[in-house]
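Visitor: Residue numbers (this note's numbering), protein chains in the order written: chain A, 13 to 304; chain B, 26 to 428.
Since the hints were derived computationally from the structure, they do not count as laboratory data.
Beta carbons: idealized from backbone N, C-alpha and C, even for Gly.
Take the hints with a grain of salt, since some may be wrong.
What the hints assert, rightly or not - In silico lysine-lysine, DSSO-like type, Cα no more than 30 Å apart, as pairs:
1) 156(A) to 75(A)
2) 156(A) to 159(B)
3) 159(B) to 179(A)
4) 235(A) to 159(B)
What the hints assert, rightly or not - Far from chain A by the CB rule (all over 10 Å, computed), these chain B residues:
5) 162
6) 203
7) 217
8) 224
9) 263
10) 268
11) 307
12) 310
13) 313
14) 318
15) 382
16) 386
To be verified - FRET-style restraints, in silico, Cβ to Cβ:
17) 211(A) to 191(B): 55 to 61 Å
18) 236(A) to 189(B): 25 to 31 Å
19) 287(A) to 288(B): 33 to 39 Å
20) 280(B) to 267(A): 21 to 27 Å
21) 239(A) to 130(B): 56 to 62 Å
22) 189(B) to 276(A): 35 to 41 Å
23) 287(A) to 381(B): 37 to 43 Å
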Amino acid sequence: MSVLVNKNSKVIVQGFTGSEGTFHASQMIEYGTNVVGGVTPGKGGTKHLDRPVFDTVADAVAKTGADVSIIFVPPAFAADAIMEAANGGIKVIITITEGIPVADMVKAKEYISKYNCRLIGPNCPGVITADEAKVGIMPGFIFKKGNIGIVSKSGTLTYEAADQVVKAGMGITTAIGIGGDPIIGTTTKQAVELLMNDPETHGIIMIGEIGGNLEANAAKWIKEHGTKPVVGFIAGVTAPVGRTMGHAGAIVGGENDTAEAKKRILRECGIHVVDSPAQIGKKMAEVMGVKA
Amino acid sequence: MNLHEYQGKSILANYGVAVQRGIVVDSVEESVAKAKELTKQTGTEWFVVKAQIHAGGRGKGVITETGSNGVVLAKGLDKVEEKVKGILGGHLVTKQTSKEGKRVNKVLLAEDVYYPGPTEVKEFYMSVLLDREKERNVIVYSTEGGMDIESVAEHTPHLIFKEDIDPRVGLQGFQARKIAFNLGLSGDAFKGMVKFVNALYAAYVGCDASMFEINPVLKTSDNKIIAVDSKVSLDGNSLDRHPDYAAMRDKTEEDPTEVEAGEAGLNYVKLDGNVGCMVNGAGLAMATMDIIKLSGGNPANFLDVGGTANAERVEKAFRIILKDPNVKAILINIFGGIVRCDRVAQGIVDAYKNMGSIPVPIIVRLQGTNAAEAKALIDASGLNVHSAVLLQEASDLVKSVLK
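Bound-form chain A, shown alone (with noise of 0.2 Å):
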């Protein structure tokens, strides 16, 4: 088990052809990901990393059984590939681009939201379930296969986490990075959802940082139906009001966004919280009971 992506997910890329999607779907290859082809509009018909390209998404979901999309394009035409991805019957689609305007995403989430798929990101690292499959650009290797899973906003730090995770002893599941933009698919709360129903995911690990509730909204969620041991860190304690820090969405707005108010609630919800980010390892290994 594992969740979103596994050994059998069937994977496209949008934007195939282009440099970064050259780069990372050769990355996901490399890593044993079951990339089956990629969509550029214009070259259907070719090959490209030895794979076909379609022109359309609904083509290829016909011609390889596609599941999993993963897209590079550009943030312009970012919304419309999500859409188009849906319309084309993926059931996973996960959206690297960052940058896309917060009115685009507004449409493509309520018009996505009438088919049956799930959307990760935009503006995230991917997901990686170890050893079975990389469905995005952070560095494989760190994710060695174990029991934790990771819920993230931020891409580096997710890779952090990971790091510290292994050496503290343990391993991962699947780590699923959200994504830093104020409209993203799939919400902190859905993705600690996912991995409290994962029968190998044995404790989670949830980051997020400044701006928005969906941290808050996760913990009141695993407060009532939390299974697993929770460990959390909130970045952006130091963060002025009102000044956007790099992610789009990373902006206080409010006195409920602040990390210090954040930590709280996750506190009151039974997180183990840890006020540094060096911590998260050894505190989950604490919690988890393992002995480096």
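Given the coordinates of chain A, assemble chain B onto it according to the supplied hints.
Guide: Chain B alone, transformed into the frame defined by chain A:
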């Protein structure tokens, strides 16, 4: 990207929103001629002189040099020059600016719209923005206009109303009517408000704004509905498709170092601490700032160098961080994934050598691909650089150099 009041009003006017008419002035000498020109359009010789800066609270704010408020009334053509002189070129300090305030490079001469007439003048509040929780746009409005909306929310939350907009169909007629009814309007003012709401929403959508705030929306004594102020933020990710709005950016309103960093492709936010930092990835960058705080320092900046931390970018980042005289140490925290740490380390060494000397201690933490080789490279360089592999080690090193 934030706009000035006069820019927001010009967008509104293009979408058919009635606005308080005005003319922008950037020198005292031309102010009277411009005022006369405005009078030809409006018929009034009373003017409101408004400082154009990117900060709220201008009316109560004070110009350091002259003691004038940021928004003042000129009761007659003969008062215009004196009033403009009191504001233009001065530094306006409001509760939203720093103690130094913001230099006023432009003032807006606007018609006086609070003239007496058959009915009472009323001020409302209205804004359009994204509701992140509901993932749709929302129109927020209140009968309590002309004052700080945060304090209305705190003291009289029942006087703030919200109307969600369905992304599939957009703003509907019944919603605009509901807003006008809730504001207690009838007759011409009601009709005017319905039109206003529709046009305001069209402007918000049309320019891909992330916020459009009008405070106050005025019902004049002769029952017209007009925008007297505008506070607009555009979605930075949408500017490529709006070159005309992108051209409205006023770089003089931004921190010059942040502008320079942005032009170099670095995501930099200036803060007021004593430890600079350079990190790859926004989340890790915020986490690194927090580590600095936990180590007894305060972050001097947020800086995401992005995916390619080569010598050129590292050098640029060093130069930007070191412009801040408060910086007593620099923490570089790179988690190398696809980027190899040894290449980043070489970049740091090269940048350091290019710069000749760097006057503060540097702590470099490189983790991930080829981290051990990177540490060896830094340690062998003979530079005044402390290297670490684990985040905790980096934290401890910050603590020790600050002692």
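Visitor: Hint by hint, say whether it matches the structure.
Guide: Checked hints:
| no. | hint | verdict |
| --- | --- | --- |
| 1 | 156(A) to 75(A) | violated (33 Å) |
| 2 | 156(A) to 159(B) | violated (37 Å) |
| 3 | 159(B) to 179(A) | violated (39 Å) |
| 4 | 235(A) to 159(B) | holds (22 Å) |
| 5 | 162 | violated (7 Å) |
| 6 | 203 | holds (22 Å) |
| 7 | 217 | holds (27 Å) |
| 8 | 224 | holds (18 Å) |
| 9 | 263 | violated (4 Å) |
| 10 | 268 | holds (13 Å) |
| 11 | 307 | violated (3 Å) |
| 12 | 310 | violated (6 Å) |
| 13 | 313 | violated (8 Å) |
| 14 | 318 | violated (5 Å) |
| 15 | 382 | holds (29 Å) |
| 16 | 386 | holds (20 Å) |
| 17 | 211(A) to 191(B): 55 to 61 Å | violated (39 Å) |
| 18 | 236(A) to 189(B): 25 to 31 Å | holds (26 Å) |
| 19 | 287(A) to 288(B): 33 to 39 Å | holds (35 Å) |
| 20 | 280(B) to 267(A): 21 to 27 Å | holds (25 Å) |
| 21 | 239(A) to 130(B): 56 to 62 Å | holds (60 Å) |
| 22 | 189(B) to 276(A): 35 to 41 Å | violated (29 Å) |
| 23 | 287(A) to 381(B): 37 to 43 Å | holds (38 Å) |
Violated hints, listed in ascending order, are 1, 2, 3, 5, 9, 11, 12, 13, 14, 17 and 22; each of the other numbered hints is respected by the structure.
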